[in-house]
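Asks: The whole structure should be built from the sequences, with the hints applied where relevant.
Sequence order for the protein chains is A and B.
Heads up, the first sequence is in this note's numbering, so the first residue is 4 and it goes up one at a time.
Heads up, the second sequence is in this note's numbering, so the first residue is 4 and it goes up one at a time.
These aren't lab readings, by the way, just hints derived from the structure by calculation.
Glycine residues also receive a C-beta, built at the ideal position from the N, C-alpha and C atoms.
Heads up, a few of these hints could be off.
[What the hints assert, rightly or not] Some but not every residue of chain A turned toward chain B, in silico, with C-beta under 8 Å:
#1 I10
#2 L12
#3 D31
#4 F142
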Amino acid sequence: MNRRQLIPLAVAAPLAVLPLFLNAYWIDVLNSIGIYAMLGLSLNLIVGHAGLFNLGHAAFYAVGAYTAAIVNTTFGIPVLLLLPVCGLAAGLFALAVARPIIHLRGDYLCIVTIGVGEIVRIALVNNLFGITGGSNGIFGIARPSIFDLTLRTPLHFYYLIWIFVALTVFVFHLLEYSRFGRALNYLREDDVAAEGSGVNTAHYKLMAFVVGAGWAGMVGNIYAAKMTIISPESFTFWESVLMFAIVILGGSGSMPGVLLGAFLIVGLPELFREFANARMLVFGAAMIAMMVFRTQGLIPSRPRIYRIPAVEKGEGRA
Amino acid sequence: MKRVILLCLALLLVQGTAFAADSIKIGLMGPITGPWASEGAEMKQVVQLLAEELNQKGGLLGKKVEVVTQDDGGDPRTAALAAQRLATQGVVAVIGTYGSAVTEATQNIYGEAKIIQIANGSTAIRLSEKGLKYFFRTCPRDDEQAKVAAQAIQKMGSKRIAILHDNSTYAKGLADETRGLLEAAKAGEIVFFDALTPKEQDYTTVLTKMKSVQPDIVFFTGYYGEAGLLLKQAKQMNWKVTFMGGDATNNPDIVKTAGKDAAAGFYFVSAPLPKDLPSDEARNFLDTFKKKYGNPPNSIYAALAGDGFRVITQAIAETKSTDPAKLADYLHKDLKDFPGLTGKISFNEKGDRVGEVYRVYRVNDEGQFILQP
Numbered sequence: 004m005n006r007r008q009l010i011p012l013a014v015a016a017p018l019a020v021l022p023l024f025l026n027a028y029w030i031d032v033l034n035s036i037g038i039y040a041m042l043g044l045s046l047n048l049i050v051g052h053a054g055l056f057n058l059g060h061a062a063f064y065a066v067g068a069y070t071a072a073i074v075n076t077t078f079g080i081p082v083l084l085l086l087p088v089c090g091l092a093a094g095l096f097a098l099a100v101a102r103p104i105i106h107l108r109g110d111y112l113c114i115v116t117i118g119v120g121e122i123v124r125i126a127l128v129n130n131l132f133g134i135t136g137g138s139n140g141i142f143g144i145a146r147p148s149i150f151d152l153t154l155r156t157p158l159h160f161y162y163l164i165w166i167f168v169a170l171t172v173f174v175f176h177l178l179e180y181s182r183f184g185r186a187l188n189y190l191r192e193d194d195v196a197a198e199g200s201g202v203n204t205a206h207y208k209l210m211a212f213v214v215g216a217g218w219a220g221m222v223g224n225i226y227a228a229k230m231t232i233i234s235p236e237s238f239t240f241w242e243s244v245l246m247f248a249i250v251i252l253g254g255s256g257s258m259p260g261v262l263l264g265a266f267l268i269v270g271l272p273e274l275f276r277e278f279a280n281a282r283m284l285v286f287g288a289a290m291i292a293m294m295v296f297r298t299q300g301l302i303p304s305r306p307r308i309y310r311i312p313a314v315e316k317g318e319g320r321a
Numbered sequence: 004m005k006r007v008i009l010l011c012l013a014l015l016l017v018q019g020t021a022f023a024a025d026s027i028k029i030g031l032m033g034p035i036t037g038p039w040a041s042e043g044a045e046m047k048q049v050v051q052l053l054a055e056e057l058n059q060k061g062g063l064l065g066k067k068v069e070v071v072t073q074d075d076g077g078d079p080r081t082a083a084l085a086a087q088r089l090a091t092q093g094v095v096a097v098i099g100t101y102g103s104a105v106t107e108a109t110q111n112i113y114g115e116a117k118i119i120q121i122a123n124g125s126t127a128i129r130l131s132e133k134g135l136k137y138f139f140r141t142c143p144r145d146d147e148q149a150k151v152a153a154q155a156i157q158k159m160g161s162k163r164i165a166i167l168h169d170n171s172t173y174a175k176g177l178a179d180e181t182r183g184l185l186e187a188a189k190a191g192e193i194v195f196f197d198a199l200t201p202k203e204q205d206y207t208t209v210l211t212k213m214k215s216v217q218p219d220i221v222f223f224t225g226y227y228g229e230a231g232l233l234l235k236q237a238k239q240m241n242w243k244v245t246f247m248g249g250d251a252t253n254n255p256d257i258v259k260t261a262g263k264d265a266a267a268g269f270y271f272v273s274a275p276l277p278k279d280l281p282s283d284e285a286r287n288f289l290d291t292f293k294k295k296y297g298n299p300p301n302s303i304y305a306a307l308a309g310d311g312f313r314v315i316t317q318a319i320a321e322t323k324s325t326d327p328a329k330l331a332d333y334l335h336k337d338l339k340d341f342p343g344l345t346g347k348i349s350f351n352e353k354g355d356r357v358g359e360v361y362r363v364y365r366v367n368d369e370g371q372f373i374l375q376p
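Replies: The following block contains the structure:
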């Protein structure tokens with residue numbers, strides 16, 4: 004085990020005992036940070052690794068949350084059991100929307116995703132098929148339970164959320180270092196070259212979209228379980244912008260960066276509560292300052308190093 | 004390095020806020036930022052002004068009253084955080100907030116922390132149907148509006164009634180509720196009940212359809228944009244029928260859309276505008292508000308937040324206690340016809356305000372909204 008592998012442990016250990024020293028409010032702030040960390044990580048796959056600008060991530064988050072809420076309130080299925088269903092719903096939705104637009108580049112794709120986000124939000128407000136509850140949202144989502152324990156207090160959710168964050172980090176770490184992750188990085192840097200080397204770019208881009216969206220859908224489920232009420236106000240364009248800012252500010256493509264980004268973007272406005280009216284102003288100024296001093300993000304992604312086994316004498320010559 | 008300095012500065016500021024040694028803390032949760040920021044700003048002005056007045060008179064139980072404001076951003080997630088924050092700041096009661104979904108996200112947090120919550124702009128019926136002991140609201144519920152609308156229709160002596168909504172949850176709910184009440188009262192006949200499609204430009208089809216069944220009155224429960232067009236196009240068709248609207252038509256823009264000619268004679272049901280608040284308390288308060296901030300409050304929901312503050316301070320003064328159970332008991336049972344800014348206030352066992360807040364307005368020839376007796 005080398006030093007770099009110890010870093011996750013060094014972060015996880017304090018997080019595990021932290022709630023013992025905090026009151027319910029700060030625990031709930033950490034819960035919020037955890038939720039946005041997961042959303043940031045899922046968006047990071049799309050924006051950071053595949054280089055696809057997605058400013059409509061809140062739409063997939065909303066699909067997951069509403070799937071959980073609707074199925075739970077109509078059929079009474081425990082909300083945590085619906086995790087895979089929500090992921091699947093958001094993933095399939097992403098597949099359907101992204102399939103025709105995935106070939107768009109950069110800012111064009113960005114504009115379309117903004118449109119998708121708004122369409123979803125407005126559909127929710129207009130009570131689509133009479134099941135989304137219109138602008139009042141859906142209420143009375145049953146509290147989740149694990150075995151006999153009903154999750155109720157911020158402390159319960161703290162462990163649920165942060166265990167899920169750890170799982171997210173683990174899964175996305177594996178993805179990053181897989182063939183899939185390398186292919187995404189390749190097409191981000193140069194998709195013509197990638198195509199030329201036999202990487203099916205359309206397929207990989209689409210898969211990045213679907214996996215990222217599906218994960219956001221699962222986060223939506225946890226959000227719905229935590230709030231027990233959801234409404235369209237929680238899935239506005241601003242939410243998409245926040246997630247995007249977390250990725251860009253923290254360091255596009257870098258997992259520690261995204262986690263730090265979530266801490267700052269969600270944590271700072273809470274820290275600035277004392278400024279009352281000006282809190283968003285102070286927050287904005289802080290963000291601008293950070294972007295001016297660190298354009299590449301706070302913790303930019305590092306180039307990967309692969310050790311080549313020592314070359315035997317006589318080998319490696321053309 | 005700069006970042007570190009910034010962070011230290013922020014921490015210092017957080018630590019540095021002075022804690023008043025001995026005071027009664029009342030929380031105010033409102034949309035200080037976000038889409039409804041104007042509501043939140045006014046709520047804060049009203050409550051702070053009332054607190055200042057109270058403190059000048061010597062405060063409560065010999066202590067100063069301190070208003071702790073937290074921003075809910077008009078969003079359920081931020082509201083839940085604001086509620087947790089207030090719950091850890093030792094407040095006795097919380098006033099707020101605006102928006103039913105936002106309020107709902109905080110109800111359980113206050114309930115579990117045994118903090119009295121007095122909502123000011125959350126009209127969804129379900130909020131008070133959960134049996135929460137510490138939840139109150141100074142605003143009326145959606146079904147209250149239907150009651151007033153149905154009474155107004157009966158009072159006008161209308162026999163053939165057309166009801167038109169726009170399929171939104173709120174408008175359809177109001178339409179359904181009003182129809183039910185009219186049918187139960189056997190007052191006239193509902194000759195038309197249907198929806199229009201919002202955001203269209205031409206409503207002559209639906210108007211023609213309504214005209215063919217010859218109603219005496221058309222009750223439209225949707226929003227002011229469509230209402231303005233309906234009035235204008237009915238006038239162009241030369242159809243003279245009385246139109247009435249719900250409180251979503253309470254907006255000066257309706258006169259702009261329809262034109263003064265067509266808008267004249269339009270009735271709508273709404274909570275009173277701040278300028279028409281009934282009591283002496285309200286008039287005095289409006290004067291001081293105007294003196295301090297330069298303009299009268301625009302929103303009735305800010306005045307309702309002020310009423311929330313007044314009833315809870317009244318309860319603390321009367322019970323000489325800050326025990327939430329005693330205060331809730333007092334508000335449920337003993338507070339009767341308290342002279343509030345928005346009229347007399349009493350609460351029923353669900354925490355809903357008793358008595359009619361809604362009034363009927365009529366648009367006059369100059370396009371002004373005139374309160375009907």
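Asks: Now, for every hint given, state plainly whether the structure supports it.
Replies: Against the structure, the hints come out as follows:
1. I10: violated (20 Å)
2. L12: Cβ of L12 of chain A sits 25 Å from chain B, so the hint is violated.
3. D31: Given a least distance of 4 Å, the restraint on D31 of chain A holds.
4. F142: With a minimum Cβ separation of about 6 Å from chain B (threshold 8 Å), the hint on F142 of chain A holds.
Against the hints set out earlier in the document, violations occur for numbers 1, 2.
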